[in-house]
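With chain A fixed as given, assemble chain B with the ligands onto it according to the hints.
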Amino acid sequence: MFSRTLVWVPEMSDNFTIAVASGKGGTGKTTIAANLASYLTEAGENVRYLDCDVEEPNGHIFLKANITTVENITVDVPQVDLDKCTACGKCGEICQFGAIVCIKEHVMTFEPLCHSCGGCRRICPADAIGKKPVEIGRISVGKAGKIDFVTGKLRIGNVRTPSLIKQVKKHITDDCISIIDVPPGTSCPVVEAIRGVDFVLLVTEPTPFGLNDLKLAVGLVRQLGLPFAVIINRHGIGDERVEQYCQSEDIDIAMKLPDDRKIAEVYSSGGMIVDLLHQCKKHFAELLDYLECAKEKLNEKRRLRI
Amino acid sequence: MKELVVISGKGGTGKTSIVAAFASLAENAVLADCDVDAADLHLILAPDIKQRNDFIGGKRASVITEKCIGCGKCAQVCNFDAAVFDGPVNDLVRKTYKIDPVACEGCGVCVHFCPADAIEFKDAVNGQWFISDTRFGPMVHAELGIAEENSGKLVSLIRKQAKQIAAQHNKDLIIVDGSPGIGCPVIASITAADLVLVVTEPTVSAQHDLERVIELAGHFKIPTLVCINKYDINRKMAAEIARKIDNRNIAVVGRIPYDTTVTKAQIAGQSIIEYSNNGLSEQIKSLWLAVSERLAGKEVG
Ligand code: SF4
Ligand code: SF4
Ligand code: SF4
Ligand code: SF4
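Chains A and B supply the protein sequences, listed in that same order. Heads up: the first sequence begins at 1 in the numbering used here, then just goes up one per residue. Heads up: the second sequence begins at 1001 in the numbering used here, then just goes up one per residue.
So here's chain A without its partners, still in its complex pose (with noise of 0.2 Å):
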């Protein structure tokens, strides 16, 4: 365990990513990531929050941003042009997704199924193939009070989830806190949100399906190598099984918030507990504390690197 005794330093602000995810949807992930995003700030440093959760994204409903640009995000589809093609095939037998095919003397795309990769653009003989961006989803930045809100929304009915969340990561500095919402779950889009960020919250419920799911999300970020520790939200509702589970495994719980319906009232309305509850800065402080030991371990690493 970390000790608990120091206190958060502005200057050391730059340049720590922190990704708040959870197994199971409906944790309470976006609360904390929002909350946390605004207590920082409170406590003087920079911060952006990047909502990757972008088949629902919920951050901007408690962080209230005042969005200045709104980007569409394309990704390229194959563009055939029928008079140059030859109707090789080679395209077809390239594709691993069924989403260019040559029947006779005919090519024929299938764009909801295309992953992109541009291998049949690369392998046709006849150059006949060029791009074609087709709208994925879009990328709102803007200011959420001195936070700095970036916020990815899919379009209804697509399924290039990893696509979107890697363009919200582009917009991550090194010159401040980053914190990003991850959607739920253990699969790709939750992988393309935390690879390569400096620590993992992973938020969870002490019931059944809460410590089954956070069982998952330990194998995954396990399996990324990621340093990561446990906040359990709503402590108090279930059972002891999770934090059994945590202590069995050695793994940190750097906050517990309890189970409270006043903090279920102030949420379901999307308000920011950390504003309307007293009681809630004490826990988010601690949080701050145990962030502030994870990130002096990850600097150290940063220097022995060096």
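Read the hints as simulated data drawn from the structure, not as lab findings. Note that CB positions come from ideal geometry on N, CA and C, so glycine has one too. Warning: the hint list may mix true and false statements.
[Claimed, not checked] Part of the chain A face toward chain B, derived, beta carbon under 7 Å:
| no. | residue |
| --- | --- |
| 1 | Gly25 |
| 2 | Thr27 |
| 3 | Pro125 |
| 4 | Asp127 |
| 5 | Gly157 |
| 6 | Thr186 |
| 7 | Leu276 |
| 8 | Leu277 |
[To be verified] Derived lysine to any residue pairs resembling SDA-like cross-links, with alpha carbons at most 25 Å apart:
| no. | chain 1 | residue 1 | chain 2 | residue 2 |
| --- | --- | --- | --- | --- |
| 9 | A | Lys170 | B | Asp1100 |
| 10 | B | Lys1067 | A | Lys131 |
| 11 | A | Lys170 | B | Val1077 |
| 12 | B | Lys1059 | A | His235 |
| 13 | A | Lys215 | B | Lys1098 |
| 14 | B | Lys1098 | A | Arg122 |
| 15 | B | Lys1122 | A | Gly219 |
| 16 | A | Lys166 | A | Arg241 |
| 17 | B | Lys1153 | B | Asp1117 |
| 18 | A | Lys166 | A | Glu135 |
| 19 | B | Lys1236 | A | Met272 |
| 20 | B | Lys1264 | A | Arg241 |
| 21 | A | Lys131 | B | Asn1079 |
| 22 | B | Lys1285 | B | Val1253 |
Leaving out everything else, chain B with the ligands in the frame of chain A:
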């Protein structure tokens, strides 16, 4: 045979607890857990696995180190930054390339363009899927490997298997615990289903997500019903949700109060119906009745 898919948009609204309760109320159903990313239904249904199968969702590249000449072509053609100059030394070069299995999309482009034929392209086992018996009937479920992709494909596979089992055993209903979100797994969960039930709760976040999933179900033209769970944590918002979706001609077929029984039943490994006989069970029974009637083709609301 009918297929009911229960989804939630946002997770944590009590979707799986409701599916488990439906499982104990349905007379003749097959259960399918399509929340492959964070499968929880098995914690209540305690399936006895009868058949175990590997799930091969796609392919994956890997460098045969001895053959690599370190030319970097793979990194140049890979659109997913999966080929990295970080492989071990061999007889030819001091450093070779290797493929990051987590980043690899399995597109095969590097395999084709490697001048030394040094990249293998093999089937990737992305997880396992199971056919099981439960106290409420047969169940199809899966475990996606850690950090694996292709969950949409796995969802489609589970639904297909559940349909086959339903046909074999003369079951008239498939109850699917769907995936969260609006991306590829949930699209695979709901396409061509007979009915979608969205479980939501009266919070700004859930309301926001509800609109997105309703839009998605509309996009695929699937009949949709809504159940508001924990409606009493914010009655005003519950009423607002009901009014909003009424404008879209979607019926609210259930209003379930906040009740700690849900968590207690979960801890006991039982469905809400098995665990208690209180008002909550009655509410869920009437929700089930409304859903069954709609599946039978009647208008409800
Ligand atoms: S870009 Fe890749 S996935 Fe898309 S059609 Fe071409 S080969 Fe297929
Ligand atoms: S590879 Fe090029 S020339 Fe060959 S069929 Fe495809 S588009 Fe036509
Ligand atoms: S293209 Fe083939 S030979 Fe060249 S670096 Fe990659 S694996 Fe090695
Ligand atoms: S198979 Fe495709 S994604 Fe994987 S390493 Fe090769 S080029 Fe990159």
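Hint check results:
The restraint placing A:Gly25 at the interface with chain B holds, with a minimum CB-CB distance near 2 Å, inside the 7 Å limit. Taken as an interface hint, A:Thr27 checks out: its beta carbon lies about 6 Å from the nearest beta carbon of chain B, inside 7 Å. Given hint, A:Pro125 at the interface with chain B, is violated; its Cβ is 13 Å from that chain's nearest Cβ, farther than 7 Å. About 16 Å separates the beta-carbon of A:Asp127 from the nearest beta-carbon of chain B, more than 7 Å, and the hint is not met.
With its C-beta approaching chain B no nearer than about 5 Å, A:Gly157 sits inside the 7 Å limit, and its interface hint holds. Because the beta carbon of A:Thr186 sits about 6 Å from the nearest beta carbon in chain B, less than 7 Å, this interface hint is met. About 14 Å separates the beta-carbon of A:Leu276 from the nearest beta-carbon of chain B, more than 7 Å, and the hint is not met. With a least beta-carbon distance of about 16 Å to chain B, the hint placing A:Leu277 at the interface is violated under the 7 Å criterion.
In summary, the hint linking A:Lys170 to B:Asp1100 is supported, as the alpha carbons are separated by about 20 Å, within the 25 Å threshold. A hinted pair counts as satisfied when its Cα atoms are at most 25 Å apart, and B:Lys1067 with A:Lys131 does not qualify at roughly 33 Å. Of the pairs offered as hints, the one joining A:Lys170 and B:Val1077 holds, with about 21 Å between alpha carbons and a cut-off of 25 Å not exceeded. Annotation: proposed proximity of B:Lys1059 to A:His235 is violated, straight-line Cα distance about 42 Å (limit 25 Å).
For the hint pairing A:Lys215 with B:Lys1098, the CA-to-CA distance comes to about 29 Å; that exceeds 25 Å, so the pair is violated. As the CA atoms of B:Lys1098 and A:Arg122 are separated by approximately 21 Å, the hinted pair is consistent with the 25 Å bound. Using a Cα cut-off of 25 Å, the hinted pair B:Lys1122 and A:Gly219 holds, with the two alpha carbons roughly 24 Å apart. A threshold of 25 Å between alpha carbons decides the hint, and for A:Lys166 with A:Arg241 the separation of about 35 Å lies outside it, so the pair is violated.
Taking the CA atoms of B:Lys1153 and B:Asp1117, the gap is about 29 Å. The hint is violated against a cut of 25 Å. The suggested pairing of A:Lys166 with A:Glu135 holds, with an alpha-carbon distance near 15 Å, which does not exceed 25 Å. Using a Cα cut-off of 25 Å, the hinted pair B:Lys1236 and A:Met272 holds, with the two alpha carbons roughly 19 Å apart. Of the supplied pair hints, the one linking B:Lys1264 and A:Arg241 holds, its CA atoms being roughly 14 Å apart against a limit of 25 Å.
With a C-alpha separation of about 14 Å, the suggested pairing of A:Lys131 with B:Asn1079 holds against the 25 Å cut-off. For the suggested pair B:Lys1285 and B:Val1253, the alpha carbons sit about 11 Å apart, so the restraint of at most 25 Å is met.
Taken one by one, the earlier hints fail for this structure at numbers 3, 4, 7, 8, 10, 12, 13, 16, 17, listed in ascending order.
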